[in-house]
Structures are given as structure tokens and as C-alpha cells.
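K.L.:
Take the sequences, apply the hints, and build the full model.
Under my numbering, think of the first position of the sequence shown as 726, with each following residue one higher.
Calculated from the structure, these hints are not laboratory results.
Each residue gets a CB set at the ideal place from its N, CA and C atoms; glycine is no exception.
A few of these clues could be false.
With beta-carbon atoms standing in for the labels, derived distance ranges [what the hints assert, rightly or not]:
| no. | residue 1 | residue 2 | range |
| --- | --- | --- | --- |
| 1 | I803 | G783 | 36 to 42 Å |
| 2 | V794 | E765 | 18 to 24 Å |
| 3 | N757 | W800 | 18 to 24 Å |
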Amino acid sequence: MKRRPNVLIMMELLELVIREPRGPTRLAQAANLNYQRCDESIRILSERGLVASDVREGRELYAATPKGVSLFMRWAEIFEELHLS
726 MKRRPNVLIM MELLELVIRE PRGPTRLAQA ANLNYQRCDE SIRILSERGL VASDVREGRE
786 LYAATPKGVS LFMRWAEIFE ELHLS
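P.N.:
Structure (C-alpha cells):
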């Protein structure tokens, strides 16, 4: 099986948490990643201020920050302009 480039994984994770805040397990499942790879990617996104975590009802959920939404929207525009979507 071919591995996806990290940038595509990051953008997919951003898209998922823009649509709906998710916990780490559900996020890994939705992105079809193992937990460790998902956790590493979320940590990078979080360090760059693109994703933030929040504890709700005892569960940690990840959501996109305004900076993350902005980056994703620019990424989507580039993809569309290049006819890659």
C-alpha cells in the first residue's frame, strides 16, 4: 500500500476537524491512519496553531482554529485551480 504524503494527511485531518470536532480515536479512524501517525500529525498541527484541543464531558476533542481554517481554504483553492479535486 502506498503511503500518503504528510502534507495530504495534514490537510485531510484539518478538513475532518473543520467539519466536526473529533476525539483522537475517531479522527484516526476517519483518516484511515494508525493512532500513532494521527497523534504525531495532530501534535504538529497543534504546535503550529492550526488545531486546538478542548475537553468536553471528559473527552478530548480536536477542532480547527481560525488559522487552520484559513490555511485549509487556501489549500483547497490551490487544489481546485490545479484541477486536483
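K.L.:
The structure should be examined with respect to each hint, and the outcome stated for every one.
P.N.:
Hints and how they fare:
1. I803 with G783: 36 to 42 Å: Distance hint for I803, G783 holds at roughly 39 Å.
2. V794 with E765: 18 to 24 Å: For E765 against V794, whose Cβ atoms are near 22 Å apart, the range 18 to 24 Å holds.
3. N757 with W800: 18 to 24 Å: holds (19 Å)
Of the numbered hints given earlier, the model fails none.
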